[in-house]
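J.: Residue numbers (numbering that gives the first Met the number 0), protein chains in the order written: chain P, 0 to 614; chain E, 0 to 614.
Check the hints yourself; a few may be wrong.
Identical copies look the same in the list; a pair holds intra-copy or inter-copy alike.
Computed cross-link-like contacts, DMTMM-like style, restricted to lysine to aspartate or glutamate with a CA-CA straight-line distance of at most 20 Å [to be verified]: (1) K145 - E287; (2) K255 - E62; (3) K254 - E62; (4) K566 - E608; (5) K254 - E60; (6) K223 - E165; (7) K223 - E327; (8) K150 - E137; (9) K561 - E608; (10) K223 - D171; (11) K605 - E547; (12) K605 - E511; (13) K35 - D16; (14) K223 - D334; (15) K255 - E60; (16) K50 - D317.
No lab work stands behind these hints: they were computed from the structure.
From a predicted model like this one, the values you see are computed outputs, not experimental measurements.
Protein chains: 2
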Amino acid sequence: MAQRIADLQDVTFALYDQMQVEALLRHERYQDLNRKTMDLILREARHFGTKEVLPTRAQGEVEGLRFDGGEVRVPACYRRVHRLLLAAELTSPTEDPAVGGQGLPHLLARAAGEYLTGANWSLVAYAVTGHGTGKMIELYGSVAQKALFLKKLYTGTWAGTMVLTEPSAGSDVGAITTTARDNGDGSYLIRGDKIFITNGEHDLSENIIHPVLARIEGDPMGTKGISIFIVPKFWVGPDGSMGDHNDVVCTGVEKKMGIKGSATCTMSFGAQGRCRGLLLGRPRQGMEIMFHMMNEARLDVGFMGLCHASAAYLHAIDYARQRIQGRELGSASRDSVPIIRHPDVRRMLLWMKAHVDGMRSLVYYVSRCQDEAALTDVEVAVSGHNDRIALLTPVVKAYCAQRGFEVCSMAMQVYGGSGYIRDYPVEQLTRDCRIASIFEGTDGIQAMDLLGRKLGMDGGRVFIQLLAEIQATVQAARAHADLAALADALEAAVRHLATTAQALGERARSAEVKSAFAHAHPFLISFGDVIMAWMLLWRANTATPLLEKRLAKVAPEARAQKINTDKKAAFYEGQRQTACFFIQNVLPETRGRMRSIQAGDAAALKISEAGFGGL
Amino acid sequence: MAQRIADLQDVTFALYDQMQVEALLRHERYQDLNRKTMDLILREARHFGTKEVLPTRAQGEVEGLRFDGGEVRVPACYRRVHRLLLAAELTSPTEDPAVGGQGLPHLLARAAGEYLTGANWSLVAYAVTGHGTGKMIELYGSVAQKALFLKKLYTGTWAGTMVLTEPSAGSDVGAITTTARDNGDGSYLIRGDKIFITNGEHDLSENIIHPVLARIEGDPMGTKGISIFIVPKFWVGPDGSMGDHNDVVCTGVEKKMGIKGSATCTMSFGAQGRCRGLLLGRPRQGMEIMFHMMNEARLDVGFMGLCHASAAYLHAIDYARQRIQGRELGSASRDSVPIIRHPDVRRMLLWMKAHVDGMRSLVYYVSRCQDEAALTDVEVAVSGHNDRIALLTPVVKAYCAQRGFEVCSMAMQVYGGSGYIRDYPVEQLTRDCRIASIFEGTDGIQAMDLLGRKLGMDGGRVFIQLLAEIQATVQAARAHADLAALADALEAAVRHLATTAQALGERARSAEVKSAFAHAHPFLISFGDVIMAWMLLWRANTATPLLEKRLAKVAPEARAQKINTDKKAAFYEGQRQTACFFIQNVLPETRGRMRSIQAGDAAALKISEAGFGGL
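Please work from the sequences and hints to get the whole structure.
T.: As structure tokens, then:
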């Protein structure tokens, strides 16, 4: 089985042909990179992911976590591979080599990263979460804080976390009750209990640096009064030496549906009255700072959805090619055939492929925006890229989480009975992927972010400019006669999306605000669908001349045969069929959903609380 | 928490008000039943399910199955409750008391059965599967076979199974290789290996009676050559005494995503050359006979989807009422509120409720058809009812399985982070429910059955007559001014469904047959959606006069208040809002999907096998 994590042919197509990563290399920052070195990086990531990381996915679940006396032992098979991840400098690939990075473009790092996250998110997260913690310190920390923590975190030597949630403060972060008191020596005394802390405690790293949200005594309630503190598991002296255990205790590890190798911890800070933290940034700047990490984490969660979907799809397609069952419909032969010949199996496979391809392109597109923002010196261009990333972040997070899970579940369906049993990998992928719709802000929270904050950015111009970019792809498709009908369908859907967004936005600013937000999630999904159609038509545009080139010397009557036998020709033609499938089969449902959003039914608000029943 | 399995108010509404179960009681067979006795049966089932069965759901998963030396030990907590299920005569409620039943209408038995299946399917299946095995023997067995097996199976004293699947014969049953050789003494020698046999071996019953599909040596390949045999785990003598172990061996138990208390067995029949079976019916009549059990099992699987969805919904609504988090949108108050106040949570809850209510009504409707078929002596009426059941069976199975799972997964979403952890029941419900789309014929197989066999029954008249019955509900809704718009929308959807079915049926009979079947599953789901809308509008029709009666003496300006405070008024008004929600929010998506089916895009067939990638 050649491909089990991410289809290399598709990864390289999206990277080089669609997203044109080589255009980034004109910048002096990337003077050491070229197609050859990038290919090498991809192949090494793929080799490492497949050979080292992948075996830990199922094995780590079998071994499980051990929790005893406040200590968490990760699955034994994680230990060596975690060391290798650090040794290979895979923890912060986009950062400067001076602080432990590899200086790679985000776009390339994402592509390579598919082979890590897609192999075993639970393991990889232990190694890479320190990057997010480090990023906050890079952006907001003092010179001393950067000197103490940055490189250790970027290299994964010390692990990081995100410490927000409390039993009564989940989606409503502003409700946290954890407190901080100024010790007068540059440190604060932290006291509070936290839950759902990913990798809050484990034995893979010599130290764990917790960025903890807390309220300085006397500061106002709500999000505005929240500050953020650097709370190391082991105190770090001014010279970087590790000191005493800092009264940070893991009090429990959750038993979960999936990601069972990842320690989801209940944490107690300062139960003995001696937990110290360093203020990061200014007092009450906590939410602003944490959102830097949160936004990175939300993109990572959408990426997690893509990676699980990609792996599940590849397993399903492989199974569908191998599994012999049933006769071919409409065929005179009595022989049993591989199930990939059955129309309903092909429908499932192409639905999965369309979403995996589209999500990959969306994720890469956002990574390219990150690169473009980093490479330009023109301030207005930087903010344009950043605004676009901000607009797309909730879509990447929630759409890829939801569709990723649906792809995994559909992969189980392709397997039939075997899909439900542990001997095959898709049931674990499905369970593991399910968390993506929940953590780092549920999909519902993302939908509120999209409607409440992002759609109206810059008076709606950020959204409108994105639609204009989609329209450019539509126009480009019209150059290819056989894509014109798809271009028309996407154009109509984009217009429909625009009028739907306008109607919904107006309602959100009216007395019917609640009714508007009852349609926020269907709107996010519809937006995501239109983006998928865009990405797939863009892919079809990209593939068409490549296919023509491939078929240039083939006689017209031999072209179908060539497409069936030539892997590259089949791939390019597959891009066109995938766009066709999505636009003709999925987008009509999206249109129907947008009609219902525009109609704005308010039954979900009108029904009385008792009317929901269950009393 | 009052309701954890099925909402009693909704169950009684669907049973008495919508489905008019009392109309069945006119038949002399039910002279001992009246509203009071039926209420008693429901309340006892609810009490038993909640008190005895429900605690085994999570506990059984913790204890798990033990497999050792061919023997399967069920979770210890199952044992006592299994005995109680048998003692309470809950295994074959619709059968004649003379053979171990309770002589209840199917409709009432379904309603009561929600409290068993919804409490722990894995446990209940051990007790009730004997019924399906018994039914085949009742219909096709010899006098001697009935005397030996019927009552033992109907009472659950002996357990039953369904033994079809082999490693190379899953969806394609005709490919089985298990053989039977006539011993010349009325018995056959059986040899073959089977997989995925639910409860193929366990220690709850003194004997297990396996109905085994096998091919008598010399009989033709394919389904036409298949016979069915009664293969007891312990041989049963002519006097009913149990003899030797019959060379039926469990060789393994699958590790699964869910239903972990249910033993999914790999079975070897006749490995030692001494497995004996009794022919049931005639040679080569196996598929016809097995389909009696299979159809019952398919309806049961759809029911399983409903039951899991119902339980998950009730947990979610309870959590949404209890969980305080976030401020109310558009409210001046700074207080945190129960999350049921948040629009996105209400959207999820009402989506879940609409599907749970609609699936309940659909399942009950089919049960009523079974009763009507059993109670009439007019042959044409019997076949009319049976045809309708046959038409709806694949929809009940696949639609309720899929939507049931989606409801469970959405319940996790309402819980947020807590939904993903084992401390709360919805993650188990989600895992347990996922099997429903797979076993007893995958949803894809159901879709093929619907398009290939059922839509065209009696020249399409069975389908058309069902649409006419939906139309009658549409007409009835027009009598209520505020339901008229919903009636119009449903009428348009029904017409759309009819034209879609016609277009798809014609394509299925043309050279484009494969393309037609690539749309079979979306068609099944669309059909199911229209049926949901029908059932919900029917409920709204039923609830409207009851609400008017409830509000008769309430001044117009006080009605809203009454609906908020009076549980019954809230329930009836809730029915109307639920219909409105589904028809205005879900049906537009369905319409879009039907457009795509009509358009009949064939990309899933046109794409080359290599074009799917992964190579």
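J.: Could you check the structure against the hints above and give me the numbers of any it violates, in ascending order?
T.: Going through the list in order, the structure violates no hint and respects every one.
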